[in-house]
Amino acid sequence: MIDELFDMTDFEQSLKEHVDDFTLVPSKKVWQGIYNTMHPGRRWPSIPMAFMLLLSLLGITYLNTSTIQQSPNEINLNSKNLSSTSNGIENNSPANHLTVASINKQYTTPANSSLVPIILNKVNSNSDEFQNNGNQFITDNKNAQQQPIIPGQEFVQKTVNSFDQLPIIGLENEMLVNKKSKNFETELLEKPAIIFPVPVAQNNSDGQKKSAASNMAKSIKKAPKITFSYFIMPTVTNAYFTGNEGKIKDESSIITINPKIPRSTRIVNAQLGLRLGGQVEYRLNSKFQVLLMGQASYSGYTVISNEEKLATGKLTLQDKSGPVYTKAYFTSYGNGKGENQVPLKNYSIQVSLPIGIQYEIWKNKSAAIFVNAGAGPSFVLKSNAHLLSSDGRNYVDDQSLMRKSNYAGFLGTNIQFHAKNLKWRIGPTISYQLLSSYEDIYPVKEHLIDYGIKIGISK
Amino acid sequence: MLNGCLENLAIAQEELYKRFSPRMLGVCYRYAKNRGDAEDMLQEGFIKVFSQIHQFRNDGVFEGWVRRIMVHTCINILKKNKKFADSVDITNASGKYLNEYNIPSILQAKEVVECIRLLPIGYRTVLNLYAIEGFSHREIGSILEIEESTSRSQYTRARVLLEGMLVKRKILHKPREKVKMVSGI
Chain U
44 MIDELFDMTD FEQSLKEHVD DFTLVPSKKV WQGIYNTMHP GRRWPSIPMA
94 FMLLLSLLGI TYLNTSTIQQ SPNEINLNSK NLSSTSNGIE NNSPANHLTV
144 ASINKQYTTP ANSSLVPIIL NKVNSNSDEF QNNGNQFITD NKNAQQQPII
194 PGQEFVQKTV NSFDQLPIIG LENEMLVNKK SKNFETELLE KPAIIFPVPV
244 AQNNSDGQKK SAASNMAKSI KKAPKITFSY FIMPTVTNAY FTGNEGKIKD
294 ESSIITINPK IPRSTRIVNA QLGLRLGGQV EYRLNSKFQV LLMGQASYSG
344 YTVISNEEKL ATGKLTLQDK SGPVYTKAYF TSYGNGKGEN QVPLKNYSIQ
394 VSLPIGIQYE IWKNKSAAIF VNAGAGPSFV LKSNAHLLSS DGRNYVDDQS
444 LMRKSNYAGF LGTNIQFHAK NLKWRIGPTI SYQLLSSYED IYPVKEHLID
494 YGIKIGISK
Chain A
26 MLNGCLENLA IAQEELYKRF SPRMLGVCYR YAKNRGDAED MLQEGFIKVF
76 SQIHQFRNDG VFEGWVRRIM VHTCINILKK NKKFADSVDI TNASGKYLNE
126 YNIPSILQAK EVVECIRLLP IGYRTVLNLY AIEGFSHREI GSILEIEEST
176 SRSQYTRARV LLEGMLVKRK ILHKPREKVK MVSGI
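Protein chains in written order, with our numbering: chain U, 44 to 502; chain A, 26 to 210.
Everything labelled a hint here was simulated from the structure, so no lab data went into it. It cannot be assumed that every hint is accurate.
[Stated by the list, open to error] Far from chain U, some chain A residues (derived; all Cβ distances over 10 Å): (1) R82; (2) K104; (3) K105; (4) I146; (5) R163; (6) S174.
[Stated by the list, open to error] Using C-beta positions, here's what the derived DEER-type ranges look like: (7) A:L27 to U:W405: 56 to 66 Å; (8) U:Y283 to A:Q80: 26 to 36 Å; (9) U:K408 to A:A35: 43 to 53 Å.
Beta carbons are placed, not taken as given, at the ideal position from N, Cα and C, and that holds for glycine.
Between the sequences and the hints, there should be enough to build the whole structure, so can you do that?
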């Protein structure tokens with residue numbers, strides 16, 4: 044038998060001795076897979092975290108809901124208006140009475156009234172505020188304005204004959220200051236009272252002093268056309284490779300320069316990045332806005348290489364005019380398939396000026412949802428490039444092959460809400476680099492894709 | 026460390042993994058088609074180790090127990106993926122599946138392993154199990170669900186191929202041929 048020609052024991056013993064010395068260091072993802080399987084509950088809770096974020100957003104929206112109707116006739120109450128109002132009203136004129144509107148189930152702003160309803164509550168006469176301020180009691184205008192008007196709630200009609208009898212005579216540091224009348228304590232009722240200053244009815248002829256309504260109407264605020272906002276956007280960057288990975292077309296024919304390097308040869312890991320910037324929003328109409336942004340970004344990804352002996356790596360390049368040539372580099376980085384794996388970071392710091400359009404798809408009193416898209420140029424301030432050699436065996440470093448400028452598009456959506464006197468916008472955005480990171484002479488095309496959550500604020 | 030693994034403590038498991046994974050990956054690498062497959066086998070093997078660690082009876086070397094689990098895991102994966110289909114008869118084996126020129130220049134242990142990996146998967150598996158892991162042909166037949174005689178013939182063919190490669194690389198010296206005695210002379 045053929046077995047008898049060989050010394051079986053020695054061969055197998057020798058084989059076993061050689062093989063037992065052989066070890067390989069596994070990649071980190073092996074342990075991660077084992078850990079996630081053995082301890083599934085401790086996995087980074089991406090899905091629960093997403094729910095938490097969504098719930099937080101909804102909670103913030105709900106807690107900061109403003110319930111006072113923002114009508115086109117709304118004005119801001121300030122001392123200037125009040126003083127001009129009081130100056131324009133004659134005392135003791137029956138027509139200059141102030142009435143408290145009764146609340147119907149359907150609350151409507153009374154005719155000719157462009158004024159904010161002021162709600163007064165009874166102040167505890169034993170309170171420190173009342174005691175310390177002597178003849179005055181103070182009602183917090185801010186709270187008064189934000190108190191909800193509940194349809195159907197009973198309010199008392201209160202008529203005063205003059206501004207002297209009007210509790211509110213001006214504003215000091217956002218607080219409504221009034222003069223206490225003798226009977227005011229008893230007159231201030233248990234239930235909240237709404238007071239509307241009513242414009243003078245009989246003074247309609249020319250030359251008469253302007254009505255309070257028209258005076259106040261001057262200060263009606265309209266929604267601004269231009270808004271400035273700032274944003275921050277943590278991102279995750281990944282790289283997408285396309286292009287002629289194997290073939291380069293020469294002047295006369297298609298020449299296969301390199302064997303086709305499958306995409307799986309590259310071991311690419313996404314990395315965290317950051318984007319900061321500001322944007323100007325110009326409102327075209329109630330639905331559309333033009334966006335002009337200025338932003339700085341840091342993005343990158345990691346390729347897995349391995350350390351090995353110094354070797355020569357080559358890149359096959361093609362000039363614009365046609366000639367194909369090879370560039371050689373010294374490198375001690377392998378393609379990641381060997382031992383002693385090391386991560387190599389490819390990163391880019393850029394500034395960009397994208398322009399876009401934003402469309403409001405839904406809105407209510409407290410929140411709005413937008414979708415936006417656009418594109419624009421970007422300029423690379425600093426970058427580095429570890430490139431896989433044309434034979435797929437080594438990584439070489441050549442920053443001269445990186446483009447200095449690029450072009451990127453973005454698509455995103457966000458929810459807008461108010462909190463702490465600021466307007467917030469939060470939502471996901473995807474940005475795609477339209478041109479390759481590399482110059483055209485390098486046949487491999489790399490496009491960076493950034494996924495991020497954009498958080499913006501404006502006043 | 027073992028007690029920690031019995032209590033499913035991640036720190037103890039990680040320590041055990043770090044101690045044994047390089048050698049075990051070497052074991053898996055001999056069965057797998059490529060490094061990625063080897064790491065998959067390693068991952069699944071260690072999951073089984075941690076899941077079945079309470080079955081270790083302290084009646085032998087722990088590393089040996091882990092190694093057996095790893096080998097069985099490799100075999101199961103190969104069987105599941107039906108990787109034995111590309112085993113070939115020895116008359117067609119020489120040169121067809123052996124692309125020896127792709128072996129990088131590395132130390133001897135690695136060269137031997139790389140040569141083993143060049144064998145067709147059926148030959149390679151039987152060689153690993155018999156020559157290195159120490160299973161008998163009967164046991165191999167049971168594991169791989171083949172005849173004992175098939176195991177013997179597969180091993181013989183594998184050994185011929187492997188020896189040829191190792192001799193070519195001067196890792197193994199070609200044994201002297203035994204002289205046949207002819208009667209009457």
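Does the Cβ-Cβ separation between K408 (chain U) and A35 (chain A) fall within 43 to 53 Å?
-> Holds: the Cβ-Cβ distance is about 49 Å, inside 43 to 53 Å.
Does the no-contact call for R163 (chain A) survive, Cβ to all of chain U over 10 Å?
-> 17 Å, holds
Given the hint of 26 to 36 Å, check if Y283 (chain U) and Q80 (chain A) actually sit that far apart at their C-beta atoms.
-> 46 Å Cβ-Cβ, so the 26 to 36 Å window is violated.
Does R82 (chain A) really sit off the interface, with its C-beta more than 10 Å from all C-beta atoms of chain U?
-> 22 Å, holds
Is it correct that the beta-carbon of K104 (chain A) has no partner in chain U closer than or equal to 10 Å?
-> K104 (chain A) clear of chain U: closest Cβ-Cβ about 21 Å, beyond 10 Å.
Does I146 (chain A) really sit off the interface, with its C-beta more than 10 Å from all C-beta atoms of chain U?
-> 17 Å, holds
Taking the closest pair, is the beta carbon of S174 (chain A) still more than 10 Å from chain U?
-> 12 Å, holds
With 10 Å as the threshold, tell me whether K105 (chain A) passes as away from chain U on beta-carbon distances.
-> Holds, since 18 Å exceeds 10 Å.
Take a look at whether the Cβ-Cβ distance between L27 (chain A) and W405 (chain U) falls inside 56 to 66 Å.
-> 59 Å, holds
The structure fails hint 8 only (numbered hints given earlier).
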